[in-house]
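If you want the building blocks of each chain, they are given just below.
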Amino acid sequence: MSSNAQAPRTPQSPGELFRVFNRLALQGFGGVMPVAQRALVDQERWLDREQFLELLSISQILPGPNIVNMALILGDRHFGWRGAFAAMSGVLLAPLVLVLALAVLAQQLRDQPVVNDALRGMGVAAAGLVLSTAVRLAGGLQKNALGLAACTAFVALTAVLVGLLRWPLVGVILGLGSTAIVAAWWRLKP
Amino acid sequence: MNWLIGSHALAAADWLSLFMHFMMLSLLAVGGAITTVPDMQRFVVREQGWLSDGEFTACIALAQSAPGPNVLFVAVIGFNVGGLAGVLATLAGTLLPSTTLALSVTRWGDKNRESRGLRAFTTGMAPLTIGLLLSTGWVLLEPTRAHWANAAVLVALTLVLMLRTRLSALWPVSAGALAGVMGWV
Chain P
1 MSSNAQAPRT
11 PQSPGELFRV
21 FNRLALQGFG
31 GVMPVAQRAL
41 VDQERWLDRE
51 QFLELLSISQ
61 ILPGPNIVNM
71 ALILGDRHFG
81 WRGAFAAMSG
91 VLLAPLVLVL
101 ALAVLAQQLR
111 DQPVVNDALR
121 GMGVAAAGLV
131 LSTAVRLAGG
141 LQKNALGLAA
151 CTAFVALTAV
161 LVGLLRWPLV
171 GVILGLGSTA
181 IVAAWWRLKP
Chain G
191 MNWLIGSHAL
201 AAADWLSLFM
211 HFMMLSLLAV
221 GGAITTVPDM
231 QRFVVREQGW
241 LSDGEFTACI
251 ALAQSAPGPN
261 VLFVAVIGFN
271 VGGLAGVLAT
281 LAGTLLPSTT
291 LALSVTRWGD
301 KNRESRGLRA
311 FTTGMAPLTI
321 GLLLSTGWVL
331 LEPTRAHWAN
341 AAVLVALTLV
351 LMLRTRLSAL
361 WPVSAGALAG
371 VMGWV
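Chain order of the listed sequences is P and G.
Counting from 1, one number per residue, gives the positions in the first sequence under the numbering used here.
Counting from 191, one number per residue, gives the positions in the second sequence under the numbering used here.
Derived from the structure by calculation, the hints contain no laboratory data.
Any given hint might turn out to be false.
Unchecked claim - Derived CB-CB ranges, DEER-like: (1) P:E50 <-> G:L194: 39 to 49 Å; (2) G:A346 <-> P:P34: 21 to 31 Å; (3) G:L206 <-> P:P190: 41 to 51 Å; (4) G:I195 <-> P:T10: 35 to 45 Å; (5) G:A342 <-> P:G140: 19 to 29 Å; (6) P:M33 <-> G:W298: 17 to 27 Å; (7) G:A203 <-> P:M33: 31 to 41 Å.
C-beta atoms are modelled at their ideal positions from N, C-alpha and C, and glycine is treated no differently.
Construct the complete structure from the given sequences, taking the supplied hints into account.
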């Protein structure tokens, strides 16, 4: 609370944007957003909690990775496209080099059964991580204006069409997505 | 293994379709890049045959064991399909459309955040996002179908760790590596 009450600061240069976003990206395992909140709100004080949540919701509406959208918008706000580019590079560059180094290593060791076994097991955990995000988000459906029954139907239909029947995503989003959006529009009638 | 262009000897048309497919998915990635994994797998594994089920899932597992934004799993897929050129195709394809959109519509979106249209969009897409995450989980489990009972236990353990404790994602990933080495999954 005390840290949020203090006067907000602003990034002094694109270089500072790069450094801060680089640092927070390298601290995030399995998602950078919790680290981002701590760094941008509590440590750098570029945003208060309210502003952070606003920025998060607009980043979520836009397609593309939320943390990248957030970096772009914040960077653009302070230094135009130079700031946007600096912040986005900060988020992506060092982690990209790291993950590619891992990929090269895995390629080199692909004939070692132990590496393949470990990766196969890690794949199961990866599936679990994605499913845990689904469970966490599902709690929010209780407040969804579509109503729980319609939401459940949309969740199930999407999972069956994309996961089981493997229909192309574009058709499912255009068809089912637009149906859901129109239904929501109608439910949100003022 | 050729680090520059990979070992699949992709033709020009293949590079273009790889880039274009990831570009299209970028615009459909309303719930994050991870929600487009089923379609990436459909394209890269089933349609083009560039990777096996196991290799595809390993790309995402590898990315999740490194720090940084989750979206970087597309770079690992690109690398295994076509070396560094593949990274360029998948990562640029994923980032270009959404970046352009983010920079051009932010101010409009900021002002209209409470509008009925945008609220209808987020309200309507929310259940689809969850359906897509469930599909992603299902697709990632494809290589371990033969050990489905043990895999289910490991998935359940991961769910408990992530939802009931504040432990980092590194813990379930390490547990998965151990389970794999022990031959349990």
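Which numbered hints are broken by the structure, listed smallest first?
none
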